[in-house]
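One-letter residues, chain by chain:
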Amino acid sequence: MTPRKKALILPALGRAWLALVLVFLYAPILVMAAMSFNASPFYQLPFEFSTRWYQDMAGNAQILAASLRSVGIAVATTVIATALGTAASVGLFRYDFPGKRFLQVMLFPPIAIPWLIIGTAMLVFFFAIGIGRGTPAVLIGHVALALPYVIVTVTARLSSFDVTLEEAARSLGADGWTVLRRVTIPWIAPGIVAGALFAFAVSFDQFVVSYFLAKPGDSTLPVLIYTAIRKGFTPEINAISTIIIALSMGIMFLAARKARFGGGR
Amino acid sequence: MSSVEISNVTKTFGKARALNDVTITFEDGGFFALLGPSGSGKTTLLRTIAGFSFPDSGTIRIGERNVETIPVEKRDIGMMFQNYALFPNMSVADNVGFGLRVRKVGAAEEKRRIGEALELVQLGQFANRMPHQLSGGQRQRVALARAIVTNPKVLLLDEPLSALDKTLRVDMQIELKRIQREIGITTIFVTHDQEEALTLSDRIGILRDGRLVQVGPPREVYDRPNSAFSAEFLGETNWLPEAVLPGLSLPGGGEGFRFAVRPEALGLSATRPEGVNALEARLEQRVFAGAMATCIVTVQGQPWKLIARDRDLPELPANAPVWVSWAPEDTVAVPA
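Residue numbers (our numbering), protein chains in the order written: chain P, 1 to 265; chain G, 1 to 336.
These are calculated hints, taken from the structure and not from any lab test.
Everything numeric in this text was worked out from a predicted model, so none of it was measured.
Quick reminder that beta carbons are idealized off the backbone N, C-alpha and C, glycines included.
Any given hint might turn out to be false.
[Unchecked claim] So, partial list: chain G residues that the calculated Cβ filter (under 10 Å) puts toward chain P:
1) 14
2) 52
3) 70
4) 77
5) 82
6) 87
7) 90
8) 98
9) 102
10) 152
11) 156
12) 166
13) 169
14) 171
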């Protein structure tokens with residue numbers, strides 16, 4: 001093969017590959033979104049536009065309650081995990097103490113350990129110490145899962161932070177809190193925002209840990225969807241899933257933009 | 001404005017003595033250079049005065065106040081950092097006004113003082129720029145304005161000009177000196193650049209291994225170094241070999257001293273001049289540099305450096321036998 005031909009064929013193969021990846025990734029989602037607007041409950045074609053399933057869903061008290069609970073837990077997780085994670089990152093960045101390396105290394109396994117295992121372990125542990133199942137247990141579990149993501153994104157941003165900026169602020173008379181608020185946090189803000197969006201997504205999309213830790217009566221949205229599917233599929237599920245996907249993708253777009261913004265300059 | 005008094009300050013990092021019983025007074029309104037090789041403790045001393053580092057023992061007074069246990073933010077100092085450390089998310093005006101806002105001086109007062117400080121460093125029209133839109137020299141000026149706008153008791157400079165290129169550095173030296181005179185602030189700066197120390201300061205302290213080895217006005221330290229280390233660290237030094245000493249007229253002492261001659265004190269001639277100290281040498285190299293010329297000569301097998309106005313040097317071929325000479329009072333004597 002001549003180099004010229006090679007130069008033509010390889011990019012073509014690459015594009016085909018990319019197209020395949022995109023099809024497998026997005027085709028199911030697009031089909032589901034389309035079906036959520038199809039009048040037929042049995043996915044029958046021809047496509048007939050209807051918002052019937054969205055109306056049904058809006059009238060379904062169970063789905064609404066689960067949605068509200070999911071959003072509530074996700075917001076609470078985001079606030080708690082972002083605050084704790086940012087504080088931890090700044091602490092790890094600023095101070096040297098015995099066991100620091102160990103602590104830093106121990107941040108990563110929770111990202112890698114399967115959620116199923118973590119969920120089981122948490123369930124056993126929470127029962128052992130008397131917390132049991134329920135919304136507090138779910139919240140604690142979500143915060144624990146989200147924390148490493150926040151610390152990783154904020155720490156990445158902090159690694160480009162010039163410590164002499166803090167020294168300069170202190171030399172100008174600023175106390176610790178003012179330095180943090182006026183100098184350090186503005187610098188790491190893109191990392192904090194990206195971390196918060198990750199935390200929200202980890203909690204809002206969380207199925208496994210929620211499934212283990214939620215009481216049967218008050219499940220979160222992903223758990224409700226799973227139970228609903230087991231009982232028998234209804235296009236309402238397509239509708240709520242479409243909404244979740246739109247929300248999640250919106251958040252991830254924001255996170256990506258923030259993270260890139262943070263990396264620049 | 002205040003004087004700064006350091007008494008018996010010692011600081012150790014692990015086993016290393018960064019500062020070893022340092023005692024020194026920085027007079028009110030003076031411009032003081034701390035000079036020394038890296039690891040000599042000069043930066044530690046500056047950071048200890050600033051309050052980033054606390055002495056293990058000894059006292060530090062700024063004005064009337066003992067500050068050795070007081071943290072940076074309460075010491076009322078101004079500091080300029082090597083990399084300027086301008087806040088990237090704030091405009092020039094906000095950078096300069098940071099210390100004023102922390103002190104809550106009020107909006108009108110803040111604005112007036114920011115304006116004054118920027119005028120002083122000749123950056124009046126740059127108030128709304130962001131730091132990344134400025135050149136190195138301009139950032140430097142912003143950093144200076146920010147450090148002095150709060151009227152601190154003492155201004156501390158950590159290798160402030162090292163990031164600038166040579167031409168800009170000389171301009172900034174003149175500028176820094178002008179501003180320091182204008183506001184009369186006690187200034188202490190750390191440098192490893194001897195020329196900078198000589199140009200800017202009215203007193204110099206030379207540090208070695210955490211100890212102050214010599215303190216005095218630049219001319220005095222240059223002309224009468226109290227040790228071989230000072231002599232070599234400040235300026236260039238041609239040491240006289242033992243063997244030639246008997247034939248020379250040397251300043252008192254004699255026993256227990258080493259003698260040297262600065263390159264610019266030496267003259268060069270084809271024949272032996274009268275009435276001065278003179279040694280036979282061989283001309284190795286002559287480097288023309290416009291007004292001045294540098295010659296390398298060999299005296300008793302040792303290379304010596306000689307600096308003179310180019311027009312004052314005789315035309316001689318390379319490797320010519322020559323005489324180097326100097327006035328006896330130009331001999332530098334240091335305790336061996």
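Hints and how they fare:
no.	hint	result
1	14	13 Å, violated
2	52	6 Å, holds
3	70	12 Å, violated
4	77	6 Å, holds
5	82	8 Å, holds
6	87	6 Å, holds
7	90	8 Å, holds
8	98	5 Å, holds
9	102	5 Å, holds
10	152	9 Å, holds
11	156	8 Å, holds
12	166	24 Å, violated
13	169	20 Å, violated
14	171	23 Å, violated
Against the hints set out earlier in the document, violations occur for numbers 1, 3, 12, 13, 14.
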